[in-house]
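Residue numbers (the working numbering), protein chains in the order written: chain A, 1 to 119; chain B, 1001 to 1484.
Read the hints as simulated data drawn from the structure, not as lab findings.
For glycine and all other residues, C-beta sits at the position ideal for the given N, C-alpha and C.
Hints may be right or wrong, so weigh each one.
Okay, the calculated beta carbon distance ranges per label pair [to be verified]:
{"no.": "1", "chain 1": "B", "residue 1": "ILE1471", "chain 2": "A", "residue 2": "ARG92", "range": "52 to 60 Å"}
{"no.": "2", "chain 1": "A", "residue 1": "LYS45", "chain 2": "B", "residue 2": "ASN1298", "range": "27 to 35 Å"}
{"no.": "3", "chain 1": "A", "residue 1": "LYS45", "chain 2": "B", "residue 2": "LYS1053", "range": "30 to 38 Å"}
{"no.": "4", "chain 1": "B", "residue 1": "SER1093", "chain 2": "A", "residue 2": "PHE86", "range": "47 to 55 Å"}
{"no.": "5", "chain 1": "A", "residue 1": "TYR108", "chain 2": "B", "residue 2": "ARG1307", "range": "53 to 61 Å"}
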Amino acid sequence: MKSLLVLFFIIFWAYDSMAYECGLYAFSGTVREKDHKLLLVANEKSNSEVNLFFDVKMETKFVSFINRPITVEVGLLKKFDGKNGFIADANRPELRVPNPTKGALDTYFNLIKKMECKE
Amino acid sequence: MSLKLIFMLSFSLSATAANHLIVIGGGGEEPKKDETLFDNTFQNLGNYYQNSKWQSTTVSFNGGHKNLDKTIKESFKKPVVPFTNDSYNQIISEYIKQIKNGSIKAGDQLMVYLDTHGAVKGANELTHSVATSGEKIENLDTLGSSTVSLDKMLELTQLAYSKGIKMAVLDFSCHSGNALPLANDKTCVITSTSPNHYGYGGYGTFGYQFTSMMAKGKNLEELFLNARKSTTDKSYPMISTPQNGAITDFEYNNISPYLFYYEGQSGDKLSPYIMDAASKDLMCKREEGFSKLMALINQIEKINTVRKKVAFVTKEIKEIDLSDLKQDLILYKRTQDYLIKTLKSFNVAKLNEEIEITSSPDRSQLRIIDKQKIKDILATDYDAQIKRTQERMKAKNDTDPSSTDAMLVKYYQDAKLKKEKILKENPKWAQIPTLIKNYDANVQKTEELAARIAKGEKVLYDALYRGQSNIYQGKTNPCKDFVL
């Protein structure tokens, strides 16, 4: 029982340490529509796919870019596991031209500035 | 007797002349990362350094990056001193002091090797600024907040000139052509690219080729020409000789737009050029420049064509064949013309104007209001957005007329009405979605075309440069006079 608890602790700790930092991120990916909602997707269809959701109020910023490749700076104030995150705020997106020769490396999701998390 | 004296004097001068080396740079890279963009080239320099003799060497190169630190310790046998604003100022002051107190004297050689990220020329700069350590650059054109200006080096080059010291400034950063004003009759400046093109790091780049060819007894002009010809990147390396100056007038200014390309937003020199050409109506100027460039290439081919007898038939053989370059230039010009024409038809300036969209004219707290660019409004299918939002409301049984989704529907309805009004006033803009699609498809090809043109340009430049050698024979040439 004790060893199970230790194992659980290790797994939980490892999972928690993998959580991404809160902060300002540079996002390069695509705006997609899923279940009548918009979301941002980077590293699409790869093991490291990142899905970023946001409040419907923020839709007006992204609505002109559905299914189009963009770059945008987004603020994430809740810790997330690197797969599914929630955007608190975003700048105006810019269209980008995808580079087909770069494959999965063409999109990214990089921390620019670390910020305090808010729950 | 006098000949003997001259011989003895020149021998004693060369015997006592000393070489001094300053190695700086490596800034603007992500802190705490083992690898940097400068590793390979820096290692080449380290290899050369181990087999050469320098009376004094100062190294202030990055810091905190495993590979670079290893080269500094093992090849240069120096401590790691990060390249900062302070270290830069201290090094320049120290060498100024050494020149003034005579530690570095007439006939000595002083080389400054700089490899880091470089910015475009600032508004009040003679040269340009380069990145220092500790902070990753934010932008390839303007860098970030940790930079130093090469203007500071002017005092050093001018002092060296007045004291008869041979100087060399090797600037291997982006936009390094901006460092050419540091040159004088005693100072040679070599740059890895032009004032308005990027430089590159890694195998096959100008910096890599140059440092791998560095060897005792070689002069800088010879090194530059050999390195430039073998470079495989998209840069435009320059040297502060009159030959380069003449090529700038005849070739560089006209070929420069065809070395621009699109590689994501951070490395995009093409879009600003296309926008500029579209908005300022530069088509005539472009045509004139292109005609001059093609005439120059044809002339170079003609000069370098020989008649040879092969099996009873006399054939004309091109010793310098630039057919591929001409073909690529024609192709890329056509692509750029298409892009310019497309953007002109967009009426670019007006498309960037913003219009207010709102869910309600009333100033209620619930209303959604913002400004959207005309081009974005035109690219949006608002009927689809209204339908999507209504389906979302239906899925969650949202019947509240003041809910966020209800407000969004009204917002999209307002946007739709405004889009219809814009199209009614400008019926041609209805074609824009198709034009954008075609524009995107064309822009993607630009990097490959620019790379091919850059390759051909290296051959053209070499022919143009070497073709002028007779004109400048016997004239002062600090790049030829600086011998490793």
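Which of the listed hints are broken here? 2 and 3
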